[in-house]
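Student: Residue numbers (this note's numbering), protein chains in the order written: chain C, 61 to 525; chain E, 61 to 525.
Don't take each hint at face value.
The list makes no distinction among identical chains, and a pair is therefore deemed to hold if it is satisfied within one copy or across any two copies.
[What the hints assert, rightly or not] Listed next, the in silico DSS-like pairs over lysine-lysine satisfying Cα-Cα at most 27 Å (straight line):
| hint | residue 1 | residue 2 |
| --- | --- | --- |
| 1 | 78 | 435 |
| 2 | 181 | 489 |
| 3 | 245 | 78 |
| 4 | 428 | 78 |
| 5 | 218 | 230 |
| 6 | 346 | 295 |
| 7 | 346 | 492 |
| 8 | 295 | 489 |
| 9 | 295 | 128 |
| 10 | 428 | 346 |
| 11 | 428 | 145 |
| 12 | 346 | 245 |
I should point out that these hints are in silico values taken from the structure, not numbers from a laboratory.
Quick caveat, the model's predicted, so the values are computed rather than measured.
2 protein chains.
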Amino acid sequence: MDIQTYDFEEIRDEVLEKILRFLSEKKYFKARDELLKLNVVDIAYILEEITEENESQSAVVLFRLLPKDVSVDVFAELPLDDQVKIVNIITDKELEYILQELDFDDKIDVLEELPANVVDKILEKTPKNERNLINTFLNYPDNCAGTLMTPDYISLQKNWTVAEALQYIKREGMDAETIYTCYVKDRGRKLIGIVSLSTLVISDDDVRVNDIMRTDYIWESVYDDREDVAADFRKYGFLAIPVVDNEHRLVGIITVDDILDVIEEETTEDFERMNGVLDFDSTERKYLDTPVFTHVKNRLPWLLILMLSYILTGGIITRFEKMLSSVIALVSYMPMLMGTAGNTGSQAATLIIRGLATDEVDTEDAIKILFKEFKIGAIIGIILSAINFLRIIYIDGQDPLIAMTVCASMLAIVIFAKALGSMIPVIAKLCKVDPALIANPAISSISDTVSCLTYFTMAALFLGV
Amino acid sequence: MDIQTYDFEEIRDEVLEKILRFLSEKKYFKARDELLKLNVVDIAYILEEITEENESQSAVVLFRLLPKDVSVDVFAELPLDDQVKIVNIITDKELEYILQELDFDDKIDVLEELPANVVDKILEKTPKNERNLINTFLNYPDNCAGTLMTPDYISLQKNWTVAEALQYIKREGMDAETIYTCYVKDRGRKLIGIVSLSTLVISDDDVRVNDIMRTDYIWESVYDDREDVAADFRKYGFLAIPVVDNEHRLVGIITVDDILDVIEEETTEDFERMNGVLDFDSTERKYLDTPVFTHVKNRLPWLLILMLSYILTGGIITRFEKMLSSVIALVSYMPMLMGTAGNTGSQAATLIIRGLATDEVDTEDAIKILFKEFKIGAIIGIILSAINFLRIIYIDGQDPLIAMTVCASMLAIVIFAKALGSMIPVIAKLCKVDPALIANPAISSISDTVSCLTYFTMAALFLGV
């Protein structure tokens, strides 16, 4: 197929429009021909867009008109939601063909999303060997290295020559997920070394694999955390990492292309959790595809937890109502004090949460962090207090004693919130709770309460009310 | 070197302790031998740790004792801060050797951090061809594709046979950043196709490069945004992408290992900006290495901007002081209403900011988003109002009219905040302002003001004060 080079971003809207027009005129074959001018990734993207325009029926028709080999590759690139839609419509025979041709790791991803009875039906038709392998892979817990790996790797014998190895790769390479890193196992399937294709290509033909393989490779265990695997990829810059079981037997490999998404997802997950969006619905759905009720379910718990903290704060305020009604001016500075406390605490927490996730800081650094945040809090607190002192006296025209009350509270609150914001993630990590999940609710509830109490205590001190 | 397989995580502390002991006894050679049992990435990691223990002098001594070839690879793995420390201490001759041996892209990174007079001195000794290339690379603006690329790629002739191509790769492959993707240019240096090493290895020896190269490859322009480049790597799962200039001449390639860090950094940047940590100090420093004053500089502006919004809110409260002193109970529900507005708005903003960054949603989806958030806001608002109504009446024992005031305000505020939180990032993107930077200050200031006004209006309505 001689496809001319194209810049997809530029032609995307044009192609999409053309295809939608063909579809609306029921010219499915013309639409398909238009689509086939693109590569599989972009075909998948266009099908997704068609589904989004509420034309999911047309998208499936179009998908079924694609040549068989193209359709499998396109299927692999579609998001899970769309894959499931297709699986529910196509015939068993079509499904069988797709599953047979899919890369092993993509197959596992699809099977995980299908209803149990469909999976059983598919597994019945699968040869016993592969059925066992599939069952093992389906049973790995979420978020572990096992869910990212594929068993389709190239495995070489250590006594082969480079020429023999290259010959073998030429024969078997088609079905492997990558041929750029090859693996050498002993008789007990234990991993004893790795050799990269570039080493093979650069070495002389009669050199033995044994003499050029690396034995100081990095490996992962099947149950290692996805985030740790991603960290190793970032640290060492590898294209693939082998995964071994407890007996150091090679069970699969993880390739770098699957890690790009993990890095994005893990960081986004921290980002969302810290800002109060949980994700109870574990499929990676897009914002617009997620139903309203799922959005509500992901957001409400956090708001309810914070509500409890506001009840506490409300209670404190009620107890000091008399003080407030005698100096009502105090009320107008409350939002500023409570808000600043929360904001400044969450700044510190943000840095520590990311630092802990990327191994920049460790729980052992707690004292250093605390000391650093104390200094930062003191400087910021003094600057904010000074500015507020001037504005309260000169702009608001308030009594200097009220200004003193607000500013002394501000200084104490900012220092406290910085220390609190930096320590909550560390404590959470020590207690094996996700820092991103707990940070903001813990900070708001504690800092709101402490801010109120500090403010009212200062008021009693300076104003004698 | 026959290094036994090791699990670095497990032995790290042990090795570090041993080396620190050797260093304290001034047994530098013993420390070096211990270090040489590790791979270069882990050697760099240990040197970093030694620097952090305030032994940066020892770290440099140790670095200079490493074999020359190892030292260059270790240097490339060190963070920029430590590289600059080393450059300032080693002799010109040592520096010359390191720069000569470094991969081109690492060299550029180091040169960018050195003072101009040192760079000039180095460039004087560089051959003219390379000097021009270095100058071009140094002048690319931050955050563009040009700063990520390397000119060390394998370039093949289209009329070569596979055997000739493999022969060439065997000869030239050592110096290339990757040999897994090779590039075919015409006489005018225009990129006409790419061919992967796996295609070459799998093809027969006498096939021409011209017949197996792909012409439907994806490319980037030198000035494309880093984030867009990362998105293409994620979308297509490539190991390398070519970078071309305006005339489609190949100027360099970007490899996937450099993209892992970009994805992490870009997402973290959004995460930090949204939570009020700017980064005026563009070097990628670790939390603990960043001086206190830089931390203050990165955090204070955001707090000052929010302060302006609190002044506004304070002003509104002052205007309604009479109302508040006549029904002082209203004060204790203020933190809850204002806090919930901010939190619920920032939930919506978080999802839209990430959605926009990952192309999940587009500014064109504004109406769909608004409609969705309106529904989500209505459901959440009704639930929160209902819970609060019961608690205000039965637990706080307040007047039902106060409960009505609070709950009606809550419903209106939550719906408004969801709409606001989802639209601010969209509007920011349309105005070409970074959504992550602007979202929370804009949401807090607007939602605080609107919450106060709504609350006081409802109070006037229900309580007639």
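Student: Hint by hint, say whether it matches the structure.
Tutor: So, going through the hints one by one against the coordinates:
no.: 1; hint: 78 x 435; result: neither (61 Å within a copy, 34 Å between copies)
no.: 2; hint: 181 x 489; result: neither (43 Å within a copy, 48 Å between copies)
no.: 3; hint: 245 x 78; result: neither (53 Å within a copy, 33 Å between copies)
no.: 4; hint: 428 x 78; result: between (61 Å within a copy, 23 Å between copies)
no.: 5; hint: 218 x 230; result: both (18 Å within a copy, 22 Å between copies)
no.: 6; hint: 346 x 295; result: between (30 Å within a copy, 15 Å between copies)
no.: 7; hint: 346 x 492; result: between (29 Å within a copy, 23 Å between copies)
no.: 8; hint: 295 x 489; result: within (22 Å within a copy, 33 Å between copies)
no.: 9; hint: 295 x 128; result: between (40 Å within a copy, 22 Å between copies)
no.: 10; hint: 428 x 346; result: between (40 Å within a copy, 13 Å between copies)
no.: 11; hint: 428 x 145; result: between (53 Å within a copy, 22 Å between copies)
no.: 12; hint: 346 x 245; result: neither (41 Å within a copy, 40 Å between copies)
Comparing the model with each earlier hint shows violations of hints 1, 2, 3, 12; every other hint is respected.
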